[in-house]
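Order-wise, the sequence lines are chains Y and A.
If you count by this note's numbering, then the first sequence holds residues 11 to 310, one letter each, in order.
If you count by this note's numbering, then the second sequence holds residues 648 to 767, one letter each, in order.
Just so you know, the hints here were simulated from the structure itself, not pulled from any lab data.
Note that this is a predicted model, so its numbers are computed, not measured.
Among the clues, some could well be false.
The calculated DSS-like cross-link candidates involving lysine-lysine, where the alpha carbons are at most 30 Å apart (straight line), are [stated by the list, open to error]:
1. A:Lys758 / Y:Lys109
2. Y:Lys109 / A:Lys649
3. A:Lys649 / A:Lys758
4. Y:Lys93 / A:Lys649
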Amino acid sequence: MLTLKDIGFNNMKLAIASGKGGTGKTTLSVALAQASTAAVQLLDCDVEEPNGHIFIKPEFTSHEQVGIAIPELDEALCTNCGKCGEICQFSAIVTIADKTMIFGDMCHSCGGCILVCPQKALHEQEKVIGSIDSACACGRNSNIEFIKGTLDIGQAMAPPVIRAVKKKIRPDMLTIIDCPPGTSCPMITAVTGSDFVILVTEPTPFGLHDLILAVETMRSMALPFGVVVNRAGSGDNRVSDYCSAENIPLLLQIADDRRVANAYSRGEGLLEAMPELAQQLRALIDKITSDVDTSTKGEQ
Amino acid sequence: MKIAISTSGSTLDAPIDSRFGRAVRFLVYDTEQKTFSMVENEQNLNAAQGAGIQAAKTVVDSGAQAVISGHCGPKAFTVLSSAGIAIYHCETGTIQEALEQYASGKLQPAKDANVEGHWV
Chain Y
11 MLTLKDIGFN NMKLAIASGK GGTGKTTLSV ALAQASTAAV QLLDCDVEEP NGHIFIKPEF
71 TSHEQVGIAI PELDEALCTN CGKCGEICQF SAIVTIADKT MIFGDMCHSC GGCILVCPQK
131 ALHEQEKVIG SIDSACACGR NSNIEFIKGT LDIGQAMAPP VIRAVKKKIR PDMLTIIDCP
191 PGTSCPMITA VTGSDFVILV TEPTPFGLHD LILAVETMRS MALPFGVVVN RAGSGDNRVS
251 DYCSAENIPL LLQIADDRRV ANAYSRGEGL LEAMPELAQQ LRALIDKITS DVDTSTKGEQ
Chain A
648 MKIAISTSGS TLDAPIDSRF GRAVRFLVYD TEQKTFSMVE NEQNLNAAQG AGIQAAKTVV
708 DSGAQAVISG HCGPKAFTVL SSAGIAIYHC ETGTIQEALE QYASGKLQPA KDANVEGHWV
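Just chain A, same shape as in the assembly (with noise of 0.2 Å):
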């Protein structure tokens, strides 16, 4: 399965971008194949607003099924469990380190959004 965690960099190193609507990009990683590849988020940057909506369609369409991040909006919330990807609050350290932490099941998927929606 694929999972999509927020960056500003592009390798398992780089720490995760707390952030989901605003972030850079996505790391989409690949559990089966242990690859990854990188998702552009930067339409998103300076989006007046809908950017946690925006996000949250790319990673539906990137194919993952799985989001770690560090914050979750309500409408991003909303799209993403629509389309039934499970949302993994991880905000401090590297993918590697979130992915290792998913991995051994201490993540716990979020049953709501953790932060309150914002208006322009």
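Extracted from the complex, chain Y is given alone in its bound form (with noise of 0.2 Å):
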């Protein structure tokens, strides 16, 4: 049994992940940080479209800007040998002729082009593509720190936003991860280097068939997951018998409450619309600290 010191210890890194959009990973994510006693840090990853800070209602004290370094080409130097467009997995330079083209919205960052160059011909330049915006003692209980991540109208490449958000993750406390739908490269960035996922799945077909993308994604990296299926009596029971017969730990089920809907609807979260799953929240992030102490830092 856990004492609230215990908890006020608790360093767990906490990423809400989903597959299918639109479950209630920011609706949870929310909850749990207000159900802490504890201090929590709330990071927003979902850096395309951030939306933890409507619940939150964070007073922002800083803004940092987000870039990444793209290749520069000085034409006088550039000979058009095509080497830089050769290395390139992104096809973000390109030769033709006698024209070399950067596309820096095709750009991953990685320097090989400029590494390559014969005529030293290429630079790094920073490019802005997102911003940061931190806040402190945001909440009922003023116990979170909520970090937000935008990535800028336009801008494609989401994952170095996220790192850049996930560099603000202090070393002593609970952090949540609001994590992006899906299952490709922003989510993947935003879980990686957690101790624990919640997954939050819907009891329908489709939540169920992403929710399956999402397990398998979480088995290739080896990280410990568990399902929370929001909404539950809203569909079938399709979810439930598979995480039964996968043996994935269902561990809490939401129910479908309309109170939420219309919380909601006002910019409220689910704990605004029922207190009464503050506990369980609570019970949660202890059951799952504990899990993840005796199974991963039990030899430490």
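Two chains, two frames, some hints: make the complex.
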């Protein structure tokens, strides 16, 4: 049995992911952070469409830009040999006839083109692609440090912004990471390095379909995970049947309740609508913390 | 002059492939010799990104001075235009029909990309 003091020292990194979008990642992330009795960091890593701030209502005190390095060409030095385009795996740089063109939107900042250029005609140039906003002492209990990443409109590379947000993770505090949907690079960047991943899903065929993709992703990344079913009762039993068949812990079922939709439409979260859930969410954090402790940290 | 036409076939009566970047191949027709050759584009079929750019480079390297295809995005358009290659939009019909339309002046060169770029 954990004491409050133990929870105060909790430094678990808990990622909330889903596969399917719109299942309740932000709803659960915000509610977990609000339910926590200890200080907690809440990271909004859904940088293409961050929305946790709508429910947390932070007063941001810090704003910083996130940039990536992209190549810039000195045409006077370039001989159009094409070596830069040959090494680029992302078609971000191409030489045709007597012209070398750079497509900064495609660049993954590997630096390969700069290394192979025999003329040293390429050099790094910073390109701003997003920003990070931070606020301390948010939420009803002033226990939340809220950090929001935003990818600028028109930019394609979410992972660098997600990595920049995750650099704000404090080693001595519970951190809840609200992840982007899907199972591609942004989601994988967001869950990487976490101690445990909660996959939020809904009890529908679509929810199950994308849950299976997310489960496969977690297994190939060897990350411990469990499932939370949101809007339980609104669909069928296929998700819970799947979880029991696959030996996946079904951590919590949040009932489909009109009060949640009403609150949501006013910019209020799960706990405003269902305050009785706070106890269950605290118990969930405690359970995952003790499981993670015994499974991965017991040998320390 | 040479004209590159996107297609999944390999004869003049094959249909045009309306995709440019992810077309299976290009039929490169020589209007003076009345002959044609095929240039494969299969390396782009499963490319994560940049298919249009690479397809444009393939077309430039083939020596074609014009392209007939269904859709062309902004990056492919930029590469083709920089190489001085004219782009003609023609979405349906066979390669033969497209070449006849081109020869009779019914195809107008595109002034801009006709589809949005898309991300990975």
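Now for the hints, and whether the structure bears them out:
1. Taking the CA atoms of Lys758 (chain A) and Lys109 (chain Y), the gap is about 21 Å. The hint holds against a cut of 30 Å.
2. Pair hint Lys109 (chain Y) plus Lys649 (chain A) holds up; C-alpha atoms about 21 Å apart against a cutoff of 30 Å.
3. Our distance criterion of 30 Å between C-alpha atoms is met by Lys649 (chain A) and Lys758 (chain A), whose separation comes to about 20 Å.
4. For the suggested pair Lys93 (chain Y) and Lys649 (chain A), the alpha carbons sit about 27 Å apart, so the restraint of at most 30 Å is met.
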